[in-house]
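Colleague: Here's the letter readout for the chains.
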Amino acid sequence: AQKITQTQPGMFVQEKEAVTLDCTYDTSDQSYGLFWYKQPSSGEMIFLIYQGSYDEQNATEGRYSLNFQKARKSANLVISASQLGDSAMYFCAMREGIRTGANNLFFGTGTRLTVIP
Amino acid sequence: DTEVTQTPKHLVMGMTNKKSLKCEQHMGHRAMYWYKQKAKKPPELMFVYSYEKLSINESVPSRFSPECPNSSLLNLHLHALQPEDSALYLCASSLEPGAYEQYFGPGTRLTVT
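Sequence lines, in order, name chains A and G.
For the first sequence, our numbering assigns the number 1 to the initial residue and increments by one for each residue that follows.
For the second sequence, our numbering assigns the number 1 to the initial residue and increments by one for each residue that follows.
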């Protein structure tokens with residue numbers, strides 16, 4: 001079974017609007033971490049935001065926020081006030097066994113976001 | 001310095017060639033990673049080094065040989081590759097093996113002819 005599912009292969013958003021990128025995950029671990037990375041066409045994976053399974057508040061980093069719904073096993077990324085530079089591939093990822101120091105980072109298939117001027 | 005660097009940026013090699021990819025970080029991170037990313041696919045973990053020791057090998061063929069000469073440097077030696085090995089090879093590092101975020105380098109685009 002897929003550990004991370006991103007159901008939107010591509011998304012379009014008007015500049016200055018907000019956009020939500022969907023991510024659902026599957027794990028039986030109690031301790032896990034959820035990540036969002038941005039990958040521009042240059043190839044570099046840029047870390048955006050992290051949410052721990054025990055964090056009670058949704059993570060926020062500038063224009064990025066993570067809508068974490070633990071019971072639904074979803075970790076959607078919200079980008080507010082979209083900019084042209086936000087056009088990129090976005091990957092949701094999960095690491096299980098955070099407290100045991102496990103290293104495997106499982107990635108979803110990604111969502112390509114295009115910001116329209 | 002919050003950067004992971006990778007060289008070369010692009011590499012074209014024949015199936016009989018031997019080449020190496022290099023990754024460097026000067027953030028004092030003690031875990032380093034190699035990922036392989038095929039076009040339009042997510043990255044897949046290949047190797048993990050923790051404190052300069054190989055801790056994870058995700059059943060990678062022996063034609064890929066990792067090396068960690070010191071805590072700042074990670075190499076990936078390539079020999080007798082196949083055309084299907086063409087991909088973007090990403091290096092990453094994290095402060096500790098179980099640390100939250102991994103910092104990625106820009107990758108090496110490898111083409112095997």
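Keep in mind the hints are simulated off the structure, nothing from the lab.
None of the values given here were measured: they were computed from a predicted structure.
Take the hints with a grain of salt, since some may be wrong.
The list that follows gives simulated cross-link-like pairs (lysine-lysine, DSSO-like), each with its CA atoms no further than 27 Å apart [claimed, not checked]: (1) G:Lys9 x G:Lys38; (2) G:Lys41 x G:Lys19; (3) G:Lys22 x G:Lys41; (4) G:Lys9 x A:Lys3; (5) G:Lys53 x G:Lys19; (6) A:Lys70 x A:Lys3; (7) A:Lys3 x G:Lys18; (8) G:Lys41 x G:Lys9; (9) G:Lys38 x G:Lys18; (10) G:Lys53 x G:Lys40; (11) G:Lys40 x G:Lys19; (12) A:Lys73 x G:Lys9; (13) G:Lys53 x G:Lys9; (14) G:Lys22 x G:Lys53; (15) A:Lys3 x G:Lys19; (16) A:Lys3 x G:Lys36; (17) G:Lys53 x G:Lys18; (18) A:Lys73 x G:Lys53.
Sample of chain G residues lacking proximity to chain A, with all beta carbon distances greater than 12 Å (derived) [what the hints assert, rightly or not]: (19) Gln6; (20) Thr16; (21) Lys18; (22) Gln37; (23) Ile56; (24) His79; (25) Ser94; (26) Glu101; (27) Pro106; (28) Thr108.
Ideal placement from N, C-alpha and C gives every residue a C-beta, glycine not left out.
Colleague: The structure should be examined with respect to each hint, and the outcome stated for every one.
Modeller: Hint-by-hint comparison with the structure:
no.: 1; hint: G:Lys9 x G:Lys38; verdict: 16 Å, holds
no.: 2; hint: G:Lys41 x G:Lys19; verdict: 24 Å, holds
no.: 3; hint: G:Lys22 x G:Lys41; verdict: 23 Å, holds
no.: 4; hint: G:Lys9 x A:Lys3; verdict: 31 Å, violated
no.: 5; hint: G:Lys53 x G:Lys19; verdict: 22 Å, holds
no.: 6; hint: A:Lys70 x A:Lys3; verdict: 15 Å, holds
no.: 7; hint: A:Lys3 x G:Lys18; verdict: 36 Å, violated
no.: 8; hint: G:Lys41 x G:Lys9; verdict: 19 Å, holds
no.: 9; hint: G:Lys38 x G:Lys18; verdict: 21 Å, holds
no.: 10; hint: G:Lys53 x G:Lys40; verdict: 31 Å, violated
no.: 11; hint: G:Lys40 x G:Lys19; verdict: 25 Å, holds
no.: 12; hint: A:Lys73 x G:Lys9; verdict: 37 Å, violated
no.: 13; hint: G:Lys53 x G:Lys9; verdict: 26 Å, holds
no.: 14; hint: G:Lys22 x G:Lys53; verdict: 17 Å, holds
no.: 15; hint: A:Lys3 x G:Lys19; verdict: 34 Å, violated
no.: 16; hint: A:Lys3 x G:Lys36; verdict: 18 Å, holds
no.: 17; hint: G:Lys53 x G:Lys18; verdict: 23 Å, holds
no.: 18; hint: A:Lys73 x G:Lys53; verdict: 34 Å, violated
no.: 19; hint: Gln6; verdict: 9 Å, violated
no.: 20; hint: Thr16; verdict: 27 Å, holds
no.: 21; hint: Lys18; verdict: 24 Å, holds
no.: 22; hint: Gln37; verdict: 8 Å, violated
no.: 23; hint: Ile56; verdict: 6 Å, violated
no.: 24; hint: His79; verdict: 24 Å, holds
no.: 25; hint: Ser94; verdict: 8 Å, violated
no.: 26; hint: Glu101; verdict: 5 Å, violated
no.: 27; hint: Pro106; verdict: 4 Å, violated
no.: 28; hint: Thr108; verdict: 9 Å, violated
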